[in-house]
Structure formats: structure tokens, C-alpha cells
Amino acid sequence: MTSVHLRWGAAPDPVPASPGSLAPSRARRVGVVLGALLAAGLVVVGIVSMGAQYTYGALRIPADSAGTPEPDGESRKLLAKLRKTVPKEAYVVIDRTNNRIWLRRGNEIEIEGICSAGSGHVLTDPTGKRTWTFDTPQGRFKVRQKTADPVWKKPDWAFIEEGKPVPRDPSERIEYGTLGEYALYLGDGYMIHGTLYERLLGRSVSHGCVRVGRDDLRVIYKAARVGTPVFIF
Amino acid sequence: MRRCSGLGSVALALTLCGAGGCSRSVDAPAPLSPLDSTALAAQVELAEQDSFYLILELGPKRLSLRYHGAVVRDYPVEAISLGRPRALVRAVEVDGAWRGRVWREATLDPPLEVSRTVIEPPASADTEVETPPVIPPTPEERFPAPDRFRVRFAGGLALEITSREAGRRAGLGEAFGNAWNAGQDGLRIRLQLPAADVGALYRSLPAGISLIVVDRAAPV
Numbered sequence: 001m002t003s004v005h006l007r008w009g010a011a012p013d014p015v016p017a018s019p020g021s022l023a024p025s026r027a028r029r030v031g032v033v034l035g036a037l038l039a040a041g042l043v044v045v046g047i048v049s050m051g052a053q054y055t056y057g058a059l060r061i062p063a064d065s066a067g068t069p070e071p072d073g074e075s076r077k078l079l080a081k082l083r084k085t086v087p088k089e090a091y092v093v094i095d096r097t098n099n100r101i102w103l104r105r106g107n108e109i110e111i112e113g114i115c116s117a118g119s120g121h122v123l124t125d126p127t128g129k130r131t132w133t134f135d136t137p138q139g140r141f142k143v144r145q146k147t148a149d150p151v152w153k154k155p156d157w158a159f160i161e162e163g164k165p166v167p168r169d170p171s172e173r174i175e176y177g178t179l180g181e182y183a184l185y186l187g188d189g190y191m192i193h194g195t196l197y198e199r200l201l202g203r204s205v206s207h208g209c210v211r212v213g214r215d216d217l218r219v220i221y222k223a224a225r226v227g228t229p230v231f232i233f
Numbered sequence: 001m002r003r004c005s006g007l008g009s010v011a012l013a014l015t016l017c018g019a020g021g022c023s024r025s026v027d028a029p030a031p032l033s034p035l036d037s038t039a040l041a042a043q044v045e046l047a048e049q050d051s052f053y054l055i056l057e058l059g060p061k062r063l064s065l066r067y068h069g070a071v072v073r074d075y076p077v078e079a080i081s082l083g084r085p086r087a088l089v090r091a092v093e094v095d096g097a098w099r100g101r102v103w104r105e106a107t108l109d110p111p112l113e114v115s116r117t118v119i120e121p122p123a124s125a126d127t128e129v130e131t132p133p134v135i136p137p138t139p140e141e142r143f144p145a146p147d148r149f150r151v152r153f154a155g156g157l158a159l160e161i162t163s164r165e166a167g168r169r170a171g172l173g174e175a176f177g178n179a180w181n182a183g184q185d186g187l188r189i190r191l192q193l194p195a196a197d198v199g200a201l202y203r204s205l206p207a208g209i210s211l212i213v214v215d216r217a218a219p220v
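Each protein sequence line maps, in turn, to chains Y and W. Positions 1 to 233 (the working numbering) are the ones given, in order, by the first sequence. Positions 1 to 220 (the working numbering) are the ones given, in order, by the second sequence.
No wet-lab data here; the hints were simulated from the structure. Treat the hints with care, since some could be wrong.
[Stated by the list, open to error] Each computed BS3-like pair below joins lysine-lysine, with the alpha-carbon atoms no more than 27 Å apart:
id, chain 1, residue 1, chain 2, residue 2
1, Y, 164, Y, 146
2, W, 61, Y, 84
3, Y, 129, Y, 164
4, Y, 129, Y, 88
5, W, 61, Y, 81
6, Y, 222, Y, 146
7, Y, 142, Y, 129
8, Y, 129, W, 61
9, Y, 88, Y, 164
[To be verified] Covered stretches of chain Y, going by a simulated chain W footprint (3 or more residues, C-beta under 8 Å):
id, stretch
10, 141 to 153
11, 158 to 169
12, 207 to 219
Backbone N, C-alpha and C fix where the C-beta goes; we use that ideal spot for every residue, glycine too.
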């Protein structure tokens with residue numbers, strides 16, 4: 001084993017060339033060529049990246065010291081139109097991907113909680129004729145009905161998922177307690193309701209409904225009325 | 001060898017300058033009144049549609065998701081910077097009309113991948129085989145989000161959403177990646193959000209969303 005001692009600013013001590021190894025002068029030449037190639041490469045990459053980048057700068061908007069000016073005729077009409085679209089009362093917002101729920105009143109957040117939205121799973125009837133995708137729909141909805149102690153009328157997919165035959169007798173579809181204390185109906189079978197599985201809140205586990213924890217559900221149920229907007233994104 | 005190291009220093013300086021994006025001050029555009037009729041008309045147009053849209057307010061540094069004028073979700077913006085494309089070392093001037101107009105048809109870069117699980121229903125309910133309970137994934141596990149992404153709108157505007165932590169981690173490799181994709185956007189607005197909000201926005205941003213950039217939203 002040969003050790004080489006290098007000192008900054010000085011050439012290494014000469015080492016006798018052994019058969020099959022590069023002579024010191026040749027090795028130096030190879031090093032110079034490799035170094036030059038690396039530097040040239042860096043120059044090219046630098047020029048390319050400088051030519052194809054973006055110049056970023058902090059953007060500051062000066063404070064409007066004069067405040068909002070008085071609207072003129074055209075602006076007044078547009079403002080009136082805009083104000084007409086905005087809900088005046090409390091509304092419910094659901095983030096179906098991050099499993100969050102809010103009760104809002106304009107810029108004010110009254111409550112913020114976790115929920116469980118649709119799992120996104122796909123179920124196909126063993127006959128192959130029907131397919132269900134368990135997504136929570138996106139868009140603007142409104143509370144169509146409010147119910148305390150709701151009863152779940154199990155749809156076909158609930159039986160198929162469990163490998164059970166779909167009953168002909170409607171009374172066999174009724175299940176008590178599954179939906180928690182309250183349910184807010186949004187239409188097309190979708191609801192905001194309670195859950196027996198609070199430990200799974202924050203995860204996407206439902207068949208499309210929005211499951212909410214008991215305490216948050218109590219506040220939402222109390223604040224919402226029939227017609228309250230529900231925004232799901 | 002000395003010549004070579006001199007060349008190397010110049011190269012390294014050029015590369016780092018290119019990679020860093022050479023931060024400069026950007027002249028503040030002339031203030032846009034919250035009652036500017038063009039910007040107001042654009043906000044009314046979006047509020048009257050049955051879809052979600054974004055409003056970026058540059059003055060209060062606020063990005064909000066809205067529907068019918070209602071604020072649905074606020075994303076706190078820690079810093080805003082404006083990225084202009086550069087031809088070699090000179091920034092290309094961008095028309096100031098990017099504020100107060102509607103930008104449509106957003107696409108995510110990188111795109112959000114959605115994979116679905118297909119449930120195999122058991123042949124019968126009285127099956128002897130017990131399947132172990134499966135803990136469903138968290139949103140973060142189900143949709144892993146990058147710490148930096150772009151929302152690119154038709155017409156050349158892009159929002160670059162990033163976090164302070166991502167900015168610290170950004171290296172040379174990412175800068176070269178940016179250089180490779182440069183030229184796609186006429187203007188980039190870089191928004192620094194808290195890291196948790198970067199991921200949340202990436203996962204739940206409605207597809208094809210529209211955007212309006214204003215100094216301040218109309219008082220409603």
C-alpha cells in the first residue's frame with residue numbers, strides 16, 4: 001500500500017511509476033482535460049439556464065391611503081350584482097379530499113372540523129350490470145331536509161358490498177343508529193351525518209356522504225336551515 | 001490549471017445566477033382600484049357561474065377559493081413575487097393587463113394522479129375467511145403532494161405555489177428542470193404558503209378552475 005501526502009499549493013511528492021499505472025505527467029494532462037471539460041460544461045449550463053429562467057422580484061402593492069373611492073354609476077351596478085350572488089347567512093364548506101368541514105359566515109369561520117368524505121372506491125355488481133363509484137360530489141348544494149335520529153334506508157350497493165342478496169322487502173333495508181344523531185340531506189342520496197367510526201374521521205372512507213364528528217355535527221345542525229348553501233370542493 | 005479554475009469560477013457564478021433566478025426588485029404596477037369596472041365585471045362574471053374560482057389579492061396577500069362570491073377557503077400567502085421570463089440576462093416586459101382579467105382552464109403541473117381501488121364483493125356474507133381490517137390512508141398518503149407546483153392557465157399565466165421550506169431545499173437540479181420547462185409561461189406569480197396549505201391546495205384544487213388577480217377584491 002502506497003500513501004501519498006498532498007500539501008496545499010505544492011505538487012505531490014514524486015511516486016515511482018509501477019507497471020500498469022499512469023505516469024504522473026500523463027495523469028496531470030488527463031486531469032487538466034477533465035477539468036476544462038467540466039468547466040466548459042458548467043459555462044454552457046449556466047448560459048442556458050440564465051437564458052431560460054425567470055427573473056423574480058417581490059411585488060408590493062402600495063397601500064390605498066385614500067381608501068375605497070365612492071362607486072360611480074357603472075361600478076355601483078356591478079357591485080349590486082356581485083352582492084346579490086353572495087350568501088348572507090351561514091353556509092357549510094367541505095373539502096372532500098382533505099376531509100375538512102367549515103361553517104362559515106362570509107370571511108368569518110364559525111367552526112372548523114374534520115370529516116370523512118367518499119373513498120373513491122369502485123364497486124361492481126357481480127352480474128356486471130351496475131357500477132358505483134363512491135365519490136362525494138363537487139359543487140354547490142343546499143340543505144333540503146334536516147332530521148334528528150335519522151334512519152338509514154340501505155341502498156343496493158350496501159348489500160352487494162357485504163355479499164348479501166338485495167332484499168325485496170323495503171323494511172329489511174332500514175337500519176337505526178348508523179347515521180348518528182342528525183342528518184342533513186343534500187339530494188341524490190347524499191347527506192351530512194354522524195358516524196359510529198369517529199376514529200376514522202380525517203380519512204376518506206364513506207360511500208359519498210360526509211361523516212362528521214358528534215360535536216361539530218351538533219353545531220352545524222343547529223346553524224343550518226333548509227336552504228342553507230353547502231359548497232363541496 | 002490556474003486558467004482552468006478561473007474559467008470554473010466564472011462558470012459556477014453563471015450557473016448559480018441562472019439557477020437562482022437572479023432576484024431583482026419589480027416595479028409595482030399602477031394601483032388597480034377595487035372599483036375598477038373591468039376588474040369588477042370580471043368578478044361578477046365569475047360569481048355568476050356555477051363553478052369554483054380563485055381570487056388572488058396582491059395587497060392583502062390573500063388567495064381565496066370562491067363560489068358565487070362566497071369565500072369557501074382562504075389560503076394565507078406569506079410572500080408574493082413576480083417572475084418574468086428572461087431572454088439571456090434581460091427580463092422580458094410583460095403587459096400589465098394580467099390584473100383584473102379572468103384566467104381560465106387551469107392545469108396542475110405536476111398533474112394529480114388519482115388511482116381507484118376496485119372492491120371485490122364477497123361471494124356470500126357467511127364466508128368463513130376473515131379479512132383483516134384495512135386502515136384507510138390519510139389524504140397525505142392517498143395524494144402525495146409536491147412541495148412546489150404550478151397552476152398553469154390558458155393564455156400564459158402560472159401560479160407557482162411553494163413553501164418556505166421548499167425554497168430552502170431548491171437546488172441546482174430543480175433550477176435546471178425549471179430551465180428545461182421555461183418559456184411555457186408568459187408570467188409567473190410565485191406564492192409562498194405554509195407547507196400544509198401547499199399540499200392541501202394541490203390535493204383539492206378543482207379541475208379547470210379560473211383565476212382573477214386584483215390588488216383588492218371588491219367590497220361585498
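Original post:
Is the hinted pair residue 142 of chain Y and residue 129 of chain Y satisfied, with a Cα-Cα distance of at most 27 Å?
Top reply: violated, 32 Å
Original post:
Are three or more residues of the stretch 141 to 153 of chain Y within 8 Å, CB to CB, of chain W?
Top reply: Per the Cβ count (0), the hint is violated.
Original post:
If you draw a straight line from the CA of residue 61 of chain W to the CA of residue 81 of chain Y, is it 27 Å or shorter?
Top reply: holds, 25 Å
Original post:
Are residue 164 of chain Y and residue 146 of chain Y close enough, with their CA atoms no more than 27 Å apart?
Top reply: Distance ~30 Å between residue 164 of chain Y and residue 146 of chain Y Cα, so the pair is violated.
Subject >> Within 8 Å of chain W's CB atoms, at least three CB atoms from the stretch 158 to 169 of chain Y: coverage verdict >> reply: It holds, with 5 qualifying residues against the three required.
Original post:
Do the alpha carbons of residue 129 of chain Y and residue 61 of chain W lie within 27 Å of each other, as the hint requires?
Top reply: violated, 51 Å
Subject >> Holds or violated: residue 129 of chain Y to residue 164 of chain Y, with C-alpha atoms at most 27 Å apart >> reply: holds, 17 Å
Original post:
Within a Cα-Cα threshold of 27 Å, do residue 129 of chain Y and residue 88 of chain Y meet the stated pairing?
Top reply: violated, 45 Å
Original post:
Quick one, are residue 88 of chain Y and residue 164 of chain Y close enough, alpha carbons at most 27 Å?
Top reply: Distance ~47 Å between residue 88 of chain Y and residue 164 of chain Y Cα, so the pair is violated.
Subject >> Hinted pair residue 61 of chain W and residue 84 of chain Y, Cα distance within 27 Å >> reply: holds, 25 Å
Original post:
With a cut-off of 8 Å between beta carbons, are at least three residues of the stretch 207 to 219 of chain Y near chain W?
Top reply: violated (count 0)
Original post:
residue 222 of chain Y and residue 146 of chain Y: Cα distance at most 27 Å?
Top reply: Holds - the C-alpha atoms of residue 146 of chain Y and residue 222 of chain Y are around 10 Å apart, at most 27 Å.
Against the hints set out earlier in the document, violations occur for numbers 1, 4, 7, 8, 9, 10 and 12.
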